[in-house]
Amino acid sequence: MAAMACQQLSVRLTQAPPVALLAFRGLRTTPCALKNVRAGVPKATVNRNKPLTYEQAQAPYRIGVTKGWNSWNTSNLYEEGFDGRAAELTFDDLVIRKFMKGTWPGLLASEVIVKRRHNLIVVAALVFRQMPARKLYFLVGYSEEMLSYLMKCPVKLEIQTVEDRNDVVFKKI
Amino acid sequence: MCCLRRLSVVHLRLVCLKLDKNGPKREYSRSAVLCSRYKQEKRIREVEEEFRTFKIPGLKTETGVKRTQRRKMPVPPPRYQQMPVDQDWTNVWPAATTFKWSAVPFPVRQGYVETVTENEGVIPSKYANAELMKIPNFLHLTPAHIKKHCAALREFCTEWPAGLETDQACQKHFPVEVETSDYCFSGPSIRDPRARTITVKVKLSDLDLDYHARDKFVRLVGDRFKPDTGEVIFTTDRCPMKKQNYDYAMYLLTAVYHESWKREPWEAEKTEEDMEKYFWDISKSRKTVVALLQNIGEIDKESAAPEEKKLQHLPEDTSEEKLIAHSEVVKYRDAVSDLRNGEESQEALERYGDGVRRLLNIQGSLS
Chain A
402 MAAMACQQLS
412 VRLTQAPPVA
422 LLAFRGLRTT
432 PCALKNVRAG
442 VPKATVNRNK
452 PLTYEQAQAP
462 YRIGVTKGWN
472 SWNTSNLYEE
482 GFDGRAAELT
492 FDDLVIRKFM
502 KGTWPGLLAS
512 EVIVKRRHNL
522 IVVAALVFRQ
532 MPARKLYFLV
542 GYSEEMLSYL
552 MKCPVKLEIQ
562 TVEDRNDVVF
572 KKI
Chain B
50 MCCLRRLSVV
60 HLRLVCLKLD
70 KNGPKREYSR
80 SAVLCSRYKQ
90 EKRIREVEEE
100 FRTFKIPGLK
110 TETGVKRTQR
120 RKMPVPPPRY
130 QQMPVDQDWT
140 NVWPAATTFK
150 WSAVPFPVRQ
160 GYVETVTENE
170 GVIPSKYANA
180 ELMKIPNFLH
190 LTPAHIKKHC
200 AALREFCTEW
210 PAGLETDQAC
220 QKHFPVEVET
230 SDYCFSGPSI
240 RDPRARTITV
250 KVKLSDLDLD
260 YHARDKFVRL
270 VGDRFKPDTG
280 EVIFTTDRCP
290 MKKQNYDYAM
300 YLLTAVYHES
310 WKREPWEAEK
320 TEEDMEKYFW
330 DISKSRKTVV
340 ALLQNIGEID
350 KESAAPEEKK
360 LQHLPEDTSE
370 EKLIAHSEVV
380 KYRDAVSDLR
390 NGEESQEALE
400 RYGDGVRRLL
410 NIQGSLS
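Chains as they are written, first to last, in the working numbering: chain A, 402 to 574; chain B, 50 to 416.
Hint data in this document are derived by calculation from the structure and do not stem from the laboratory. Heads up, a few of these hints could be off.
Short derived list, chain A residues pointing at chain B, Cβ under 8 Å [unchecked claim]:
{"no.": "1", "residue": "Glu481"}
{"no.": "2", "residue": "Asp494"}
{"no.": "3", "residue": "Ile514"}
{"no.": "4", "residue": "Asn520"}
Short derived list, chain A residues pointing at chain B, Cβ under 10 Å [what the hints assert, rightly or not]:
{"no.": "5", "residue": "Arg449"}
{"no.": "6", "residue": "Asn474"}
{"no.": "7", "residue": "Lys502"}
{"no.": "8", "residue": "Glu512"}
{"no.": "9", "residue": "His519"}
{"no.": "10", "residue": "Cys554"}
{"no.": "11", "residue": "Glu559"}
This one's a predicted model, so the numbers in the text were calculated from it and none came from an experiment. Ideal Cβ placement from N, Cα and C applies to all residues, glycine included.
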């Protein structure tokens with residue numbers, strides 16, 4: 402008798418789970434936090450007096466929508482970059498940006514734009530007019546020469562000067 | 050201050066020890082020690098006498114030293130303000146460069162403004178606009194530029210050869226078409242592995258082939274033959290260089306052409322099942338028709354009156370060669386071949402029906 406009752410109980414257990422377990426069945430999901438769009442977004446100050454350029458004011462997810470790329474080359478186009486050229490070019494762009502930041506300390510008014518046509522590298526940037534023109538011309542020649550040796554191809558600097566620091570301010574946060 | 054003194058004493062001791070090691074110069078070194086000690090004590094006294102001020106971090110006094118303003122360099126006005134209206138634009142913008150606001154005479158704005166707080170609600174103008182510097186411009190490819198390019202290139206051009214005015218003429222005189230590709234990209238190298246591929250196209254009708262050779266050619270090249278255009282397309286990319294692949298494609302074309310003209314002994318073993326299409330001459334239909342007509346002819350010979358003959362058109366001599374050349378049989382043969390080889394159509398079917406009725410003298414029609 403006892404064995405029969407035990408068998409019935411086991412059958413019932415396998416057929417239907419206890420009521421307490423029913424609450425935990427099914428796929429459980431959590432709401433999307435959307436926290437992965439925060440990178441590259443500058444933090445606002447209390448007094449709202451932190452100047453931002455247009456480039457800094459647009460969040461990274463707006464690249465290709467409200468602002469363009471800072472590196473222009475063919476390696477990321479469709480059916481290109483099959484031989485690992487994209488990685489090389491990206492690293493070279495990084496080196497160029499580091500070099501420009503160090504060679505033009507506190508003078509750069511914008512991001513360094515690196516454009517490539519065939520084997521020519523065009524480096525474009527906005528520069529403050531803090532230095533005498535003579536020194537700026539020296540820096541242009543120096544940078545072109547050094548980068549040409551580093552990149553092993555002709556490098557052209559296309560620099561444009563900006564009168565005042567406020568000229569490149571797009572908004573203040 | 051006590052700490053500072055102790056440090057200076059330790060320092061002096063170290064100096065003494067160092068100097069003592071130099072034996073013979075002891076007298077000189079002692080005076081040097083005295084001198085340096087005097088200097089140290091004087092410095093300490095100066096520090097002690099000065100009244101130390103309490104500095105609050107972050108507080109800026111109004112009486113601070115004002116930074117001297119750097120004299121601003123005179124900058125010439127932008128070029129677009131001095132341009133004449135009828136200038137030659139190709140002299141201003143001779144080659145591809147980054148957008149330069151000072152040389153572009155038209156107003157242009159680029160950017161996206163969401164609220165009034167951004168750039169006072171106005172889309173950023175061309176001055177100091179990095180967005181305009183990023184995007185490629187075509188200010189070096191205006192119609193005036195293109196005209197100059199064409200004028201410069203004209204002296205390197207040769208006249209178009211006479212007799213090749215139309216595409217048909219080109220096709221006739223140059224039946225072999227070779228396709229190659231060169232790739233331009235941004236990188237320090239001009240090599241691209243995709244450039245090695247060669248495509249050679251030739252129309253099968255331009256090759257000198259008989260029926261057997263054409264059939265063998267098509268069988269040899271397989272799916273390289275496109276029946277809808279009648280072209281044979283060889284694509285080679287197995288060699289590393291373009292020239293090698295071209296040579297290989299030409300070798301393939303030559304080899305297939307000569308191979309298709311060869312007649313191997315085993316090709317004679319081709320039976321009706323191996324045929325690429327219906328041949329009436331080796332079909333069972335021919336044997337049946339010949340046997341049937343010969344049978345009817347024999348029956349007709351026995352009948353006395355010519356009016357009672359079943360088939361009036363049948364020749365006297367009912368040998369196989371004569372029957373095959375007989376006009377009604379030829380019509381029947383063509384009708385059957387068309388029906389089997391061509392596409393199915395009402396006309397072909399009716400022609401076949403008529404052929405059968407006239408061959409066997411069947412009166413009336415089914416339709």
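Verification of the hints:
no., hint, verdict
1, Glu481, "holds (6 Å)"
2, Asp494, "violated (11 Å)"
3, Ile514, "holds (5 Å)"
4, Asn520, "holds (5 Å)"
5, Arg449, "holds (8 Å)"
6, Asn474, "holds (4 Å)"
7, Lys502, "violated (15 Å)"
8, Glu512, "holds (7 Å)"
9, His519, "holds (6 Å)"
10, Cys554, "holds (5 Å)"
11, Glu559, "holds (4 Å)"
Checked against the numbered hints given earlier, the structure breaks hints 2, 7 and satisfies all the rest.
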